[in-house]
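Read top to bottom, the protein sequences are chains A and B.
Using our numbering, you'd call the opening residue of the first sequence number 8 and step up by one each time.
Using our numbering, you'd call the opening residue of the second sequence number 65 and step up by one each time.
One thing to keep in mind: the hints can contain errors.
Below are the PhoX-like pairs computed for lysine-lysine, each with C-alpha atoms no more than 25 Å apart in a straight line [as the list claims (entries may be wrong)]:
id: 1; chain 1: B; residue 1: K170; chain 2: B; residue 2: K239
id: 2; chain 1: B; residue 1: K596; chain 2: B; residue 2: K579
id: 3; chain 1: A; residue 1: K177; chain 2: B; residue 2: K536
id: 4; chain 1: A; residue 1: K159; chain 2: B; residue 2: K207
id: 5; chain 1: A; residue 1: K54; chain 2: A; residue 2: K67
id: 6; chain 1: A; residue 1: K93; chain 2: B; residue 2: K596
id: 7; chain 1: A; residue 1: K43; chain 2: A; residue 2: K54
id: 8; chain 1: B; residue 1: K150; chain 2: A; residue 2: K177
id: 9; chain 1: B; residue 1: K170; chain 2: A; residue 2: K255
Restraint ranges, calculated between C-beta atoms of paired labels, are given here [unchecked claim]:
id: 10; chain 1: B; residue 1: K596; chain 2: A; residue 2: L246; range: 52 to 58 Å
id: 11; chain 1: B; residue 1: K579; chain 2: A; residue 2: L246; range: 55 to 61 Å
id: 12; chain 1: A; residue 1: K162; chain 2: B; residue 2: V505; range: 29 to 35 Å
To be clear, the hints were calculated from the coordinates, so they are not data collected in a lab.
A virtual CB, placed ideally from N, CA and C, is assigned to each residue, including glycine.
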Amino acid sequence: MRNTFRKMLATPYALFMALFIILPILLIAVYAFIDKDGAFTLLGNFKDLANEAALPKVVKNSFIAGFATSAICLLIGYPIAYYLTKAEFNRTGVLIGLFLVPMWVNFLLRMMSTKAVFNVLGIPMGMGTVIYGLCYEFLPFMIMPIYTTIQKIDKMYLEGAEDLGATPIKAFWKVTVPLSLPGVLSGLTMVMIPSITTFAVTEILSNGKLMLLGDFIYSLKAYNLNMASAISLVLMILLAISMLITNKFNKDGEKGGGLW
Amino acid sequence: MEEKNKKNKNDAEYIIELNGLTKIYDGKTVVDHINLKVRRGEFVTLLGPSGCGKTTTLRMIAGFEIPDGGSITLEGKDIAGLPPHKRPVNTVFQKYALFPHLNVYKNIAFGLKLKKVEVTKKNIFGKEVTKLVNMAYMPVEQKVVKKDGTEIVKTVPFCRSYQMVTVTTKKGVKKIKKINMYKKFIDDKVKHALKIVGLSGYEDRDVNSLSGGQQQRVAIARAIVNEPQILLLDEPLGALDLKMRQEMQLELKDMHKKLGITFIYVTHDQEEALTMSDTVVVMKDGVIMQEGTPIEIYNEPTSAYVADFIGESNILDGVMPEDKKVVFAGAEFECVDTGFAPNEEVDVVIRPEDWVIKREGNGILNGEITGCMFRGVHYEMTCVAGGYELILHNTVEYKPGRKIGLYVDPENIQIMHKEHINNTLPVKFTSNTSFDMCGGVYEFKPAACFDNCEYDEENDVLRINGEEVALKGKEGKVSFEFDSIDMTDDEYAAPLAGNVESMIYKGKNYLVDIKTDNNTHIYADTEYLWDKFDRVGIKVEGDKFRFSECDFMNPSAEEAGDKTNA
């Protein structure tokens, strides 16, 4: 009786999931394999995709933006995350709050104001400004998982290293860094994937000059919903594969404090 | 106290000395002016219950805590200010602290790869300077055979030196192999350390795949491979189960003998301390209570606390009427102790196995057996004698109800000064009939608590020695006996509450140490058994207090002072 009731508690979410997660994915899968007239075609949409002249450039730009954003976020995010775990820097949690507060401001609003600032400064719009915007947007997603992993590292490992003759700097490189890799990995995934598939940021911060995969899909929806579905499906499969690899690499799931 | 036990030997035989070592956390003194000298190659155990400061002391030696006072002298050098990585000591942690991202081999090699050696080199100005460099970059001479067959000697860093060795492969073919000498050096050391801890062949194992005992062995190997001058062990066997713990005790003792390194061991397990150590240091509340060999600590405890903590014992209240005589449990015993004040109240300790059971009337004390239990080698019996409950160990069984006589060899009676004979605490008067003690306000009856005192209740007029005194705001000291305290489990029913810190059974009653919220100890006699950390209220009747050292009683206080001095 009790058990049944507990199971019933999951009903709202189960309904939500069915309606807004499973159904859309199924729709994408269906649309990817039918043509404009609704007839089944196994590879037609994918062939069209391969023939699309703009695609190689879009993919190239996406990867440049994705890798650059992840790298910059890691460079900025890791030291911040590390210092946030030090009690003396984050006694009240105010600092970590400061890094998260920008997320409370509407994302479009932030991008528009960033654009205005660039315009005033006379900085030309292009890849540089797009990467800036992406970093601005996704930096918290790098900080959070790294922060949680470093915070979970038992202080005794550092004491152990120092006891064995490591200076605090050596102990950082030989203990903290390797033990925080799971967090770095989730941070990279959480920054890379959305920055490749985002749209609007490029639209706003490159005046529509630059197109990433997200913008490409967005632009297709007006005239070719089937091709858009096909490319979405490909992206989903690629992401699933990369996630599997990450999970395998991060074999001590319980120790890592990642978000997955 | 510790100076007395040590014979005045040459200081050079001490490897480490702690002098007045003190650590304060948030205003609380955790380690309180500790003095300790450890001999080279000695196995010293710091023993005490949790919170007694033993681990903090060890962590100060390791360098993880910075002392708030005092010095740590290692081989004549004060190391109290050095960071852990510069100290020639290594620690075995209670929770092992093995690096989870490294395998067994890499865990053990961790310290070796960081090892620094002194190298004398000429700098660019031609001056000789001594620098500490990583051993991998230590310059060594290397024979190199040139293409034309001539041999030259070059100076190369240790990590790039090599030796040509002829090895026979499985197929029987002889081959010349280049062996890196630095790698071989580390390899040999790691393998040797693994052999010492009995884990040869475990090099490539993931540390998480090892059992607790194996992980502890790796932790020990990781520490001893660096050949520290002192090995610090912080409750290293605490996480192991009983069988494994006993085996590791023997092995550690064995390793200590083989390695000849000084061990400083921390534990709360008295049996472990007695089994393994050369010297046991018993600690309580950040202070060393007693220091000595396991046999000294067991046979001649200097305080009721140590006697109670180490092994089973009968601790009784007694009085020494004169030298070599002690009265307890209603009978007078001969003993060997001298130097006590006439009629001094003392604590008497008798180990259960030291009672000699005789026919009724033939002993010094008569009693009746009330309980008997078989404990393997001996029977453990309880006996009521002179109103006190005693524990006896004997290989002969005496059934409950049997009347016996008890005798103790004078040598086996251990007599100690009492740590406290009553509670004496500072107070501040809040009115003529109440005072504040440790934050609790107690009512008292002035007429019963002051000498030559009259109190007019209606007009609130207090006269002491004929002079009118207004007590409010005055300060002084109050004393009250242990047995004047009424402990209650309803903390709000009493002016002051505290937590039970420890209890000692005194045959008739328990002496309870209650720690109030401002860290003051109050001692109480009670018939009831309380549990450690129980929250209790402290009630005292208003006529049980005695006051002294109050500002308004100055003349009489001085008189009293003169008397004691004389």
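### Task
Find the hints from earlier in the document that the structure breaks and name them by number, from lowest to highest.
1, 3, 4, 6 and 12
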